[in-house]
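2 protein chains.
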Amino acid sequence: MASGSVPMTPPLHDELDIVIPTIRNLDFLEMWRPFFQHYHLIIVQDGDPTKTIKVPEGFDYELYNRNDINRILGPKASCISFKDSACRCFGYMVSKKKYIYTIDDDCFVAKNPSGKDINALEQHIKNLLCPSTPFFFNTLYDPYCEGADFVRGYPFSLREGVPTAVSHGLWLNIPDYDAPTQLVKPRERNTRYVDAVLTVPKGTLFPMCGMNLAFDRELIGPAMYFGLMGDGQPIGRYDDMWAGWCVKVICDHLGLGVKTGLPYIWHSKASNPFVNLKKEYKGIFWQEEIIPFFQSVALSKECTTVQKCYIALSEQVREKLGKVDPYFTKLADAMVTWIDAWDELNSSGAAAALPNGTANGK
Amino acid sequence: MASGSVPMTPPLHDELDIVIPTIRNLDFLEMWRPFFQHYHLIIVQDGDPTKTIKVPEGFDYELYNRNDINRILGPKASCISFKDSACRCFGYMVSKKKYIYTIDDDCFVAKNPSGKDINALEQHIKNLLCPSTPFFFNTLYDPYCEGADFVRGYPFSLREGVPTAVSHGLWLNIPDYDAPTQLVKPRERNTRYVDAVLTVPKGTLFPMCGMNLAFDRELIGPAMYFGLMGDGQPIGRYDDMWAGWCVKVICDHLGLGVKTGLPYIWHSKASNPFVNLKKEYKGIFWQEEIIPFFQSVALSKECTTVQKCYIALSEQVREKLGKVDPYFTKLADAMVTWIDAWDELNSSGAAAALPNGTANGK
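One line per chain: the protein sequences are S and H, in this order. Here the numbering used here is used: the first residue of the first sequence is 1, the next is one more, and so on. Here the numbering used here is used: the first residue of the second sequence is 1001, the next is one more, and so on.
Just so you know, the hints here were simulated from the structure itself, not pulled from any lab data. Quick reminder that beta carbons are idealized off the backbone N, C-alpha and C, glycines included. Some clues are possibly wrong.
As the list claims (entries may be wrong) - Not the full set, but computed from the structure, chain H residues with beta-carbon under 10 Å of chain S: (1) T1139; (2) L1170; (3) P1175; (4) T1181; (5) Y1193; (6) M1241; (7) E1280.
What the hints assert, rightly or not - List time: in silico SDA-like cross-link candidates among lysine to any residue, alpha-carbon distance up to 20 Å: (8) H:K1269 x H:K1279; (9) H:K1279 x S:F156; (10) H:K1116 x S:D195; (11) S:K185 x H:E1160; (12) S:K111 x H:R1192; (13) S:K185 x H:D1048; (14) H:K1116 x S:R192; (15) S:K282 x H:F1156.
Isolated chain S (complex conformation) (with noise of 0.2 Å):
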């Protein structure tokens, strides 16, 4: 374990919120009971509102339907995705904690090779805690894991790793493959436990899940905008790919670390691949000219917050991929509505004035 390792893992009961988009009751908690309990979480209940979703009894929560977010928003609402697990950023503005741990409410608890449950949160934090390594690869992967350092010829000068902005984890049992993918392999399960963490390196874009994802919200959270997606535009499941290539690159300009691997949860059920293949088949045309735009970006030297490097990436899919199709226009735009909403909620006092949604319940 190089220096700058954490040996013991805080559980940041008070710095971390876990944020769930659901559209069902959330029975799913059940299991993670003992690692979620003494969490506070923020249900972003997508789709029709006058329905109830019942959480189990014990957890600290608040829940925000559709009419909380446009109460809320007001017209900047149009930012948020409807009848989409992309709503789910709303919880992301709304927190006032340095970390977010977001999950979906069909992912359950897996169990590592020795058959012990996992403790999916604690591995996350423990991913956030300790730097990354972007700028050269570590064949041992983190060299700040309890028995592994840097290989000999890793340069000295770059030891001391950068801030972690996310820390994506993966999936035991129904892996988080495309429409085509799903169909040509309906029985594909995946059994394999990596035990390793390692840093995407600089330069390298990758599909980020937004199923097991954690991440500062104070380094990187105005960047997490799950995009437009589900009731009333044309392409659904690019939520989470659409945030992951905006903070990849933001985080890459500044100097910001984004790893992969451990933990796993347990994906219990397939979506329905027909479905989903509607939802992706334009994606999957846009992603070819989607890839080599973020590959090419280039952020100035004046970008030097999260917010004015959002909003000039945001000039950019106009100019380039506005050409593509209209979608990435109005895109454009509701990424700066995003960042306005964002900074509204998130200015001095502006915790104190904002109205809430139903807390606990009550």
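Place chain H on chain S using the hints.
Just chain H, lined up with the frame of chain S:
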């Protein structure tokens, strides 16, 4: 397993040579017999050429000592290190096979977590025969492995991958640490079996260790030069690192892939950290200038072969690193000599003309 994968691993007995640098009897081969017996070995004897190296019965090998190297290369033998395992690259040059596997003589067969002996060579062959994915990171690691694939959000146009030039394997037990880390953590052992193979992304450098390494000689052979180390040189233990940095920038330029991860070997014994510190200390300083150099190297469009890339690189080494220390001017000369020697031995008809070392002890 994505398309392009290799369900069965052909043994490639006629297409792969095993290169072993050594100063002692090769008793370690007994443990490798089930896996190595049907391959041809190229043994590069380091140090005193009058010493006899015993090879266990039943192995097919040729052995070259310093006298052989001097006789075969003439004045060009100056590019081959003496009293340093960097001499192994002579074996790459005299091989006539498509693939090379090189292993240190203190490396034994490791066991996987189920307690089964790991056939390291078979895994390397798998790695070399499957494509690499250097342009985008796949969060489930090698998409061509059994039970894995490209995840949602991975651009479809990049799923064909690129040819793999290098397979870098890892080490259980004694990790490949530099002298300072050895001194600080004398008791550290690597016990973490990470069940993954991954492509080192384009634009990212990594510390390539020569202990357990395979490569495609036809694709990248001329760049696998282990530099000037050991006797008469101001530095040691940077031979494989140097090769790795050169190889990586050339692979990136030519669109070839470099993989790291599985297979593991069992590294039995740590080398003396005091001796290592003496060999390494100049490298520890120089490396701080070498890495930015390699990170910013640009190869022109005219560099269409490995040889052309390597000569262009040698010119930049001379120009940029020559200022750091006169050693690098000498190294740039040696890089050119190496390519001359490589081309001489590997031109059409060279195979027949090549004077052999000691073939099978005859």
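Going down the list of hints, with the structure as the test:
| no. | hint | result |
| --- | --- | --- |
| 1 | T1139 | holds, 5 Å |
| 2 | L1170 | holds, 6 Å |
| 3 | P1175 | holds, 6 Å |
| 4 | T1181 | holds, 6 Å |
| 5 | Y1193 | holds, 7 Å |
| 6 | M1241 | holds, 4 Å |
| 7 | E1280 | holds, 8 Å |
| 8 | H:K1269 x H:K1279 | holds, 18 Å |
| 9 | H:K1279 x S:F156 | holds, 16 Å |
| 10 | H:K1116 x S:D195 | holds, 18 Å |
| 11 | S:K185 x H:E1160 | holds, 18 Å |
| 12 | S:K111 x H:R1192 | holds, 17 Å |
| 13 | S:K185 x H:D1048 | violated, 59 Å |
| 14 | H:K1116 x S:R192 | holds, 17 Å |
| 15 | S:K282 x H:F1156 | holds, 13 Å |
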